[in-house]
Amino acid sequence: AQTVTQSQPEMSVQEAETVTLSCTYDTSESDYYLFWYKQPPSRQMILVIRQEAYKQQNATENRFSVNFQKAAKSFSLKISDSQLGDAAMYFCAYRRQGGSEKLVFGKGTKLTVNP
Amino acid sequence: GAGVSQTPSNKVTEKGKYVELRCDPISGHTALYWYRQSLGQGPEFLIYFQGTGAADDSGLPNDRFFAVRPEGSVSTLKIQRTERGDSAVYLCASSPDRGKNIQYFGAGTRLSVL
Numbered sequence: 004a005q006t007v008t009q010s011q012p013e014m015s016v017q018e019a020e021t022v023t024l025s026c027t028y029d030t031s032e033s034d035y036y037l038f039w040y041k042q043p044p045s046r047q048m049i050l051v052i053r054q055e056a057y058k059q060q061n062a063t064e065n066r067f068s069v070n071f072q073k074a075a076k077s078f079s080l081k082i083s084d085s086q087l088g089d090a091a092m093y094f095c096a097y098r099r100q101g102g103s104e105k106l107v108f109g110k111g112t113k114l115t116v117n118p
Numbered sequence: 026g027a028g029v030s031q032t033p034s035n036k037v038t039e040k041g042k043y044v045e046l047r048c049d050p051i052s053g054h055t056a057l058y059w060y061r062q063s064l065g066q067g068p069e070f071l072i073y074f075q076g077t078g079a080a081d082d083s084g085l086p087n088d089r090f091f092a093v094r095p096e097g098s099v100s101t102l103k104i105q106r107t108e109r110g111d112s113a114v115y116l117c118a119s120s121p122d123r124g125k126n127i128q129y130f131g132a133g134t135r136l137s138v139l
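Residue numbers (our numbering), protein chains in the order written: chain A, 4 to 118; chain B, 26 to 139.
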């Protein structure tokens, strides 16, 4: 079974600084997708960024970028120029290609942004 | 609607009671997922619908849990004989179809079993 591990229960960053959240996963599949979701206190999961495993190029979305290391099964999220609105729980998730394509989530990292 | 809608937002019930949680997906989305998020954990998969049929119910914890989607749109998650361990946030997500598409989540229903 696939598993996702987030080893940092909590992280903090100063406003305007850069922070990196870690994620590792375990799978025997070759085709899959990786995601970072943000969950503010409103509870709604919001997609931050997505990476397709067959793509070597790291995904970027404005201030958010990933470092995808397929061989090491590592998928970290870098947030640049952190803003107060970035404070939330961040979940790393895995989804295989095919089947039900259900998401497998890590336990999350709580990010605090200090003014 | 503009997004995935879940009702009620919060539900408090007593141990042993029956509850129904509703999910209204984004119009036109054929895939619908239910997840359960316990305190301090990430969401865990419960069941997946493609259209009206439950294509994967491998995440349902036991036979007290059941879900339906009779017309391929709104889905209801039903929990019989609730237990305190069922207390969690129940999240629903929908997607246009299988494949590369993103799952869009609702705000969830927080279920508290006293």
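Any given hint could be a false lead.
Quick list of in silico lysine-lysine cross-link-like pairs, DSSO-like style, CA-CA up to 30 Å [to be verified]: (1) A:LYS81 / A:LYS113; (2) A:LYS58 / A:LYS73; (3) A:LYS76 / A:LYS113; (4) A:LYS76 / A:LYS110; (5) B:LYS40 / A:LYS110; (6) B:LYS42 / A:LYS113; (7) A:LYS58 / B:LYS42; (8) B:LYS36 / B:LYS103; (9) A:LYS110 / A:LYS73; (10) B:LYS36 / A:LYS113; (11) B:LYS103 / B:LYS42; (12) A:LYS58 / A:LYS110.
Calculated from the structure, these hints are not laboratory results.
To see whether the hints hold, each was checked on the structure:
no., hint, verdict
1, A:LYS81 / A:LYS113, "holds, 14 Å"
2, A:LYS58 / A:LYS73, "holds, 10 Å"
3, A:LYS76 / A:LYS113, "holds, 22 Å"
4, A:LYS76 / A:LYS110, "holds, 17 Å"
5, B:LYS40 / A:LYS110, "holds, 27 Å"
6, B:LYS42 / A:LYS113, "violated, 34 Å"
7, A:LYS58 / B:LYS42, "violated, 49 Å"
8, B:LYS36 / B:LYS103, "holds, 13 Å"
9, A:LYS110 / A:LYS73, "holds, 21 Å"
10, B:LYS36 / A:LYS113, "holds, 26 Å"
11, B:LYS103 / B:LYS42, "holds, 11 Å"
12, A:LYS58 / A:LYS110, "holds, 26 Å"
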